[in-house]
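Novice: Chain residues, written in single-letter form:
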Amino acid sequence: MAALNGNPYAKKRFLVVDDQPTARDALRTIAQNIGAFAVEFASNYQDALYRIRNNAPDIILCDYMLGEGRSGQQLLEELRRFELLSDESIFMMVTGEQSYEQVVSAVELVPDDYIIKPFSPDKLVLRLDRIVARKAFFADYYREKRKQEYARALELLAQKRDSEAGRPYRFEILRQQAETELASGDAERAEATYRAILGNYEFPWARAGVARSLHKQEKLAEAREEIERVVAGTPNYFDAADLKASICIDQGEADEAQRVLDEVAKRTPRNYLRKRLLAEAATLNGDMDTARAAMADVIANDSMPGAVQPEDRLALARSQVIANELIAAEKTLLTLKESEVQNLTLDLQAGFAALLALAVPERGKARFAGLRPALLAAELSSTARLDVLRTALRLGDHELADHQAELLMEADDAKKTFASTRSLYALHGREVDFRNLQKKVALKRIKH
Amino acid sequence: MQTLLDILASGVHDAKNQLFQAESLLVAAETRHGIDLGEARYAIEAAARRLNRTLTAYRLGRHEQALAIVPTVVGDVCDEVLLAQRPHLAAASKTLVVDCQVFDEWPLDRELLTDILNNAVQNAGRFARSQIRLSAGLEDGGLRLTVDDDGPGYASLPPAGGTGLKLAETLARLHVRHGRHGRLELANHGPLGGARFALWLP
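Chain order of the listed sequences is A and B. Once you know that position 21 of the first sequence is 21 in our numbering, the rest is easy, because the numbers rise by one and skip nothing. Once you know that position 116 of the second sequence is 116 in our numbering, the rest is easy, because the numbers rise by one and skip nothing.
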């Protein structure tokens, strides 16, 4: 049949991912029939991640249902998250489910193609040939994108868009263009490109792209309006829910963000990026039980090497400090070795010192005091400033506290931290001082 | 809670997995013995399509299915129908010809549309004397997909509809773009002398 001489698939390494042994055998038979010589198996999600990380295959045939509450879509998302899948390798979802089509038609992160069981070897070859042709068409663009040569990458896309050979790929070209524009920091262009796609058809992923671009431009109300449309129209498009939550957080509506994330996280219990976002929203809401549970889950179960970062440990320690579980917080903070802490960014060092000063005053206060000049001078993220503010208020260091509060209120993301800042001042009986700071910032804004 | 739809969907899912296993066993036998079991594989795929169609019809009837619209190369859909149907028609000494004049991507429900076209070609094959033609073109700002045959034509118009035609009509109507809905048009005395099945999608 398809096993001819010069077969392009003979030298490719295949990986078949399926939890059912009989289905694995069936996929292997089909792969071998189209000429594949090297066909490996993975019987579950973790096994697949391990194999792909150690020796990336050329072609992955992955069943959508992987058992243990895992799906092929999750695997794909995780592979992209850790950049384990090059643009050149092929990821084909195999499914008996019609419902997967609904997923593919909505989301931004899609496999190279999907194929519905049962299918013949000839059909698989037809589909693979098409993907190979498409990847060849985009090859030079992929190279520039990988080098982060965005201007050159966009130039190549423009050439492709106008070429005769590009006609079958015009949506894909626009989609790549919008993503590259976003990656290069040009959110206005990206918005226009997504709108051009919407002018042709109302794809949920393109509408979400508009919302993402508006969010990057800090047009929060407009971004919110767009993403609400997507969430209402495609309730199973969970990334859209994440984006809505991020926008809500920046609008100072952490309670709505948490409500949205709570609901989605229940349905995707193993999405740890979502859990982190949930913890952030819950911390801003003062819901320390939720924040702590979410971060403890992340640290215990986000099992890819390098997945759990120092900021995750700080997030857990933060929820423990605020809940006044100081021994637990100490334990969390001291999982970070001194040498690790020394190599952290100033932002994270500030957070670490501030949290340690509250968890273990006898060890942490001196470190915090040592950083004080830097904390008064340096640019910090709002998360770090809130940590410093919390500790400064507790230590009665008014100058340091008020400095952080002022900068928090002047920052672009002031809405996000406003409620937390106010309640910290209230906690120390300094409501009047807070209002005066607020007035001062408002006056400064008018003068500008 | 398991709804009736969940039970049906999971039954169809399992059956399709088993059909896939059966097809792979036939493929293995073909390789091992150097024989062609294409007609047996065709029957398996036709059974799977029938299961899909039944489930889809049920979902659409209960308004529990939305279309899954993806940018689709129209020529690719035509190629897949050709791949699925030509050997089977050839076995009955009938010819399927594809004439695709659309070169851009079109937003449509790829799997449902492929299924509907497979069904239309399969039906045409039953009545055609020797020829079936699948063509794609642009018309009135939309996409027009046509299946013509050289058989006696529909016995009555509109024909006493089966599930396939009813589904084709619903599928066409559900395709909406710029406020326009798709439609199904059936006619006799087409260019090949027989029945004409035509879908127009916005």
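By construction, these hints were calculated from the structure, which means they are not laboratory data. Worth double-checking, as some hints may not be accurate.
[To be verified] Cut-off 25 Å, straight-line C-alpha distance, at most; resulting in silico cross-link-like pairs (DMTMM-like, lysine to aspartate or glutamate):
id	chain 1	residue 1	chain 2	residue 2
1	A	K337	A	E362
2	A	K123	B	E64
3	A	K123	B	D6
4	A	K266	A	D19
5	A	K135	B	D14
6	A	K135	B	D6
7	A	K123	B	D14
8	A	K266	A	D255
9	A	K415	A	D347
Please read all numbers here as calculations on a predicted model, not as lab measurements.
Novice: Take the C-alpha atoms of K123 of chain A and E64 of chain B, compute the straight-line distance between them, and say whether it is at most 25 Å.
Specialist: violated (29 Å)
Novice: Keeping to a limit of 25 Å between CA atoms, is the pair of K123 of chain A and D14 of chain B held or broken?
Specialist: The hint holds at about 21 Å.
Novice: Please verify whether K135 of chain A and D6 of chain B have alpha carbons no more than 25 Å apart.
Specialist: violated (38 Å)
Novice: Quick one, are K266 of chain A and D255 of chain A close enough, alpha carbons at most 25 Å?
Specialist: holds (17 Å)
Novice: Given the proposed pairing of K266 of chain A with D19 of chain A, does the C-alpha separation stay at or below 25 Å?
Specialist: Distance ~23 Å between K266 of chain A and D19 of chain A Cα, so the pair holds.
Novice: Please verify whether K135 of chain A and D14 of chain B have alpha carbons no more than 25 Å apart.
Specialist: Between K135 of chain A and D14 of chain B the Cα gap is close to 33 Å, so the pair fails against 25 Å, i.e. violated.
Novice: What's the verdict on K415 of chain A and D347 of chain A, does the C-alpha distance respect the 25 Å limit or exceed it?
Specialist: holds (20 Å)
Novice: Quick one, are K337 of chain A and E362 of chain A close enough, alpha carbons at most 25 Å?
Specialist: OK: K337 of chain A and E362 of chain A at ~18 Å, within 25 Å.
Novice: Given the proposed pairing of K123 of chain A with D6 of chain B, does the C-alpha separation stay at or below 25 Å?
Specialist: Not satisfied, since the Cα-Cα distance of roughly 29 Å exceeds 25 Å.
Violated hints, listed in ascending order, are 2, 3, 5 and 6; each of the other numbered hints is respected by the structure.
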